[in-house]
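Undergrad: Turn these sequences into a full structure, and let the hints guide you.
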Amino acid sequence: MRPDPERRLDRDVRRLLRETGGRAVENLAWLHANLPPFFFIAMREEAEAVATLCLGLPRLATNRQLVLVDRDREFMAARLDVPGSLYRTLQTLQARDISYAEMAHSYAPVPGTDHDLEFQRFEFDRKSDLEIAAAGEPEIPAPIRRAVYAELRRFPHPPLARERDRLLRLVWLNNEEYVRISPPLRVARILWLLHQGQNHAGIFLDAEAEEGDATEERRESRVLFAVGNPPQRDYLAQVMEVFNRLNLGVRRAYALTISTGVHPYFLGTFYVKRRDGGFLEKDSDLFRRLRRELYNTQILATESRTYQEFVLNRLMTGEEASLVNAFIGFCHTNLAHNQPHRYTLEDVMRAFHSHPDVALKLTRLFELRFDPDIPDREPAYRSACEAIAQEIEEYNTGHKMLDEFRRSVFRAALSFIRRTLKTNFFVPEKHALAFRLDPAYLADLGPGFTSDLPPERPFRVTFFYGRQGLGYHIGFSDIARGGWRTIFTRTRDDYVTVANTLFRENYVLAHTQHLKNKDIYEGGSKMVVVINAPDLQTEERMNQRLYKVQYGFINAFLDIFVTENGKAKDPRVVDYYGEDEPIELGPDENMHDEMIEPIAELSLRRGYLLGIGIISSKNVGINHKIYGVTSTGVVTFAGITMRELGIDILRDPFTVKFTGGPNGDVAGNAMRILLSRCPRIDIRLILDGSGALYDPNGADREELSRIVLRNDVEAFDPAKLSPGGFLLCRNVRRREGLRELFRRFHRIPSGVEEQWVTTDEFHREFDGLLFTVPADLFLPAGGRPETINAENWTRFLRADGTPTARAIVEGANSFLTPEARARLQERGVVVLRDASANKCGVISSSYEIIANLLMTEKEFLAHKEAYIADVLSILEKRAADEANLIFRRRREEGRAAPCTEISDAISVEINRHYATLFDFFQRRQDLCRKPPYRNALFAHLPRFLRENPNYRRRVSRLPGKYRSAILASEIASTIVYRGGFERNFEEDLKGYLSRTFGAGGG
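Residue 1250 is where the sequence shown starts when you use my numbering, and the numbers rise one by one after that.
Calculated from the structure, these hints are not laboratory results.
Every residue gets a Cβ at the ideal spot worked out from N, C-alpha and C, and that includes glycine.
Incorrect hints may appear among the rest.
[Unchecked claim] Mimicking DSS-like on lysine-lysine, the simulated pairs with C-alpha atoms at most 25 Å apart in a straight line are: (1) Lys2179 with Lys2210; (2) Lys1816 with Lys2179; (3) Lys1874 with Lys1610; (4) Lys1610 with Lys1649; (5) Lys1874 with Lys2210; (6) Lys2126 with Lys2113; (7) Lys2239 with Lys2210; (8) Lys2179 with Lys2239; (9) Lys2210 with Lys1818; (10) Lys1874 with Lys2126.
[Unchecked claim] For each label pair, taking beta carbons as the anchor points, the in silico distance ranges come out as: (11) Asn1496 with Arg1402: 32 to 38 Å; (12) Leu1987 with Pro1902: 44 to 50 Å; (13) Arg1984 with Arg1892: 47 to 53 Å; (14) Thr1746 with Ala1382: 34 to 40 Å; (15) Arg1984 with Asp1455: 50 to 56 Å; (16) Gln1340 with Glu1989: 50 to 56 Å; (17) Glu2196 with Lys2107: 18 to 24 Å; (18) Arg1959 with Ala1410: 38 to 44 Å; (19) Arg1402 with Arg1739: 46 to 52 Å; (20) Pro2023 with Leu1987: 34 to 40 Å; (21) Glu2196 with Pro2023: 26 to 32 Å; (22) Gly1361 with Glu1989: 35 to 41 Å; (23) Gly1647 with Thr1341: 42 to 48 Å.
TA: What follows is the structure, given as structure tokens:
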């Protein structure tokens, strides 16, 4: 016989089953009376889940939730409606990718309770972009198509026929069941929302009163929200938190996340009511707050402590939290590069998180300076600025060292606010934050934080901050150009390490670019961005994060740099600078072709003064890799350098070692050119991201030619190696227990031997090869900046103290640090630095922009090859001009002066002339139209433009600033390369030009 407690349990269970079974039918009737009709349409295949709900409805009074379905790809639950209930469920699902979410509330409380029923449904069936891109044309039933398209006509500005077909195809491929069971109006609304999102730069919000004959108690406001390439996984939870924080009760919600073949799209429909009564009106302050907060979810990371401690606890708005995070990023990156062990990211964050009162006062000060809706801002700003400055100086907690540290952090934040000249912070549709700063803030910081930077100060600094990255654009001239480099970090340690030195790396690269740009009308600049991506496991997700950050930053760039009559065009950008700023970008590390054209199109659409000329290497442009423009200059420098060492590379035998692989732009094209021109070249070493190739007799020419500009070095056939050669493969690995092993092919006399080496063995060999392999010429044409530096340059010497290469021609930016260059030159190495050796890439980009300014797309494409042939001739001439001048001056100084110092002196000399001439021609723009000045301007152009009267006439249409810059550039470089100009300015200049360019009209 069973014990009494068990018999009592059985009796209670049977009684509950009888009672529940009797109530289940009543509960079903209650559901029909109190849930929206779409609930039963959506659940028509889920009878078991509905039955479970009917049976379990009474138990919701004592249980937090009732799980109805819990499968790999689907989860359904019911619970009582309390503020934040959906948000709490979503927090438990953060690790899962939601493809569809549905939520509905009952119109009346659950019997026996004071709360409404909340039904939640989630699907986890996200399609990859690859699947969608590769999908064929689906068979969508004609009745569904006709019905959806008929409803679509009800919406304002509906998509055209071809576009609506594309939109319906996308939604069908992602969630066929949703299209099949949903009313046509609901599907049409989703198509319209997707269309609006794509037409509004990837973000769109709308609100309207729900149509129909619902009673006043059941009427709701419908909110439509679309986001292209949204943050992953917990994004819906963040959106729901915004509604909850603004006291907007979400009564129903339907959210799809679909793949477009390029990136995901979040499409949310939310039916809301104000918890204090009433509806959400589109022209209300509440709607404007909702818009700012929802758009800000693009920028504010939920994992940040600022969000978790300040936003969730209602101490800050989401926008204020984003600004505080931007303060943290700016202060850390500006203070850490010179003192990385003191100004750690964690300690800088702690300064703000420990004092939310100070953080909030700084955000209020920022708002006083830049909120366009505050009348007569200046007096209030000055007063608040003085008060917070005094508070910072008097900050004292009794911990002397900690107090001084935090004072320095808060001073940097205050300087950031004072020196910002314009920002997009008050632009609601922003995807990221942008702050254009007066570089005078560097003087505010003082030498303790800037002594490691080149002494020349930039013309502008622009700081960008986004949800998963930050970066800078630093320019050393009014008109400036340079590449956009994006650095991926996969761990927290990687991110902090890169962020510590990000500003200095950017500054040095921009300064180097300025020296390099001496032959063109644009000064030097650089944009460097670091992306935090520790949670991404697939290439697809990494590219989505990359494109999200890049798209956000270029939109932020355009928010502040699109101007009208000199001022920022967007009225929500308060502009204390007030001039056009022509900034040209170029592709650099991790700038894929997939982003170049969208950036150009966005610039044109938004009205930036350069149009598609904002970026080079477009389809309507000069592709660096296809035409080998950078390598053209590198090889020209290498040939002249080797000639100085007594080697004619076109006839004599010589040996080379490379960093950068055969499929790289600079290295690959340099190999192509050298293999085609130099019959006796031996390439002994190639290092790239995929591995390393060493061949004591030089890599097999035929085999290397097979993979050049097609594959990385790992594709080289190891059977083609000479005895003693080997191939290290980074991407081919296996595991033995806890050890990770890398494949290594070693060529022995009898054939190829496959080996497997440990991680330590791989890196020890790989990292040492560039130092130890001997060669006449070393061409660093790929790799990280500062690879050879003050700590390791001695490794480049043999045991007897002689260097392992006679010459280094720096094809990669900043591959050697200044100290490493100096020490190696003291040991007899001839070093041609990056600002000289690889300058032809930026010269080519400059001529691409000239083509964009003077030719239509159709004209350029029709004459592209002739135009590029002219540009390649200019590149070889510019490279040869400088290389010959460097060695001529070196010989004049008895070979004592290092080539890098001569190179720097030439750049400084040309840039000094340029600055003087530019200012002069800006004051005297009338001269640009007169001979011989006009002839000098034409001399800068490729022959194709110069000799075509139609294009010559168009030069007069260029902005005056551009004409002044082109003329100043051509004269400045000619003065230095040819000589013969002595200063007595205007008359001597006119005489010099008459002798050099001729006095005839043009």
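Undergrad: Note whether the CB distance of Glu2196 and Lys2107 lies within 18 to 24 Å or breaks it.
TA: 20 Å, holds
Undergrad: When you check the alpha-carbon spacing of Lys1874 and Lys1610, does it fall within 25 Å?
TA: 50 Å, violated
Undergrad: Is it true that the C-beta distance of Arg1402 to Arg1739 lies inside 46 to 52 Å, as the hint says?
TA: Holds - the Cβ-Cβ distance for Arg1402 and Arg1739, about 48 Å, lies within 46 to 52 Å.
Undergrad: Lys1610 and Lys1649 were given as a pair; does the straight-line alpha-carbon distance stay at or below 25 Å?
TA: Holds, at about 23 Å.
Undergrad: Between Lys1874 and Lys2126, does the CA-CA distance stay at or below 25 Å?
TA: It holds: about 20 Å lies between the C-alpha atoms, which stays within 25 Å.
Undergrad: Note whether the CB distance of Gly1647 and Thr1341 lies within 42 to 48 Å or breaks it.
TA: 43 Å Cβ-Cβ, so the 42 to 48 Å window holds.
Undergrad: Checking one constraint from the list: CA of Lys2239 to CA of Lys2210, max 25 Å. Satisfied?
TA: Since the Cα atoms of Lys2239 and Lys2210 sit roughly 20 Å apart, the hinted pair holds (cutoff 25 Å).
Undergrad: Could you check the hint for me, namely that Asn1496 and Arg1402 are 32 to 38 Å apart, CB to CB?
TA: 36 Å, holds
Undergrad: Quick check: does the Cβ-Cβ distance between Arg1984 and Arg1892 fall within 47 to 53 Å?
TA: 51 Å, holds
Undergrad: Taken at face value, is the distance from the CA of Lys2179 to the CA of Lys1816 at most 25 Å?
TA: Given pair Lys1816, Lys2179 is violated - Cα atoms ~31 Å apart, limit 25 Å.
Undergrad: Using the beta carbons of Arg1984 and Asp1455, state whether their distance is inside 50 to 56 Å or not.
TA: 53 Å, holds
Undergrad: Holds or violated: 38 to 44 Å for the Cβ distance of Arg1959 and Ala1410?
TA: 42 Å, holds
In summary, the numbered hints that this structure violates are 2, 3, 5, 16, 21 and 22.
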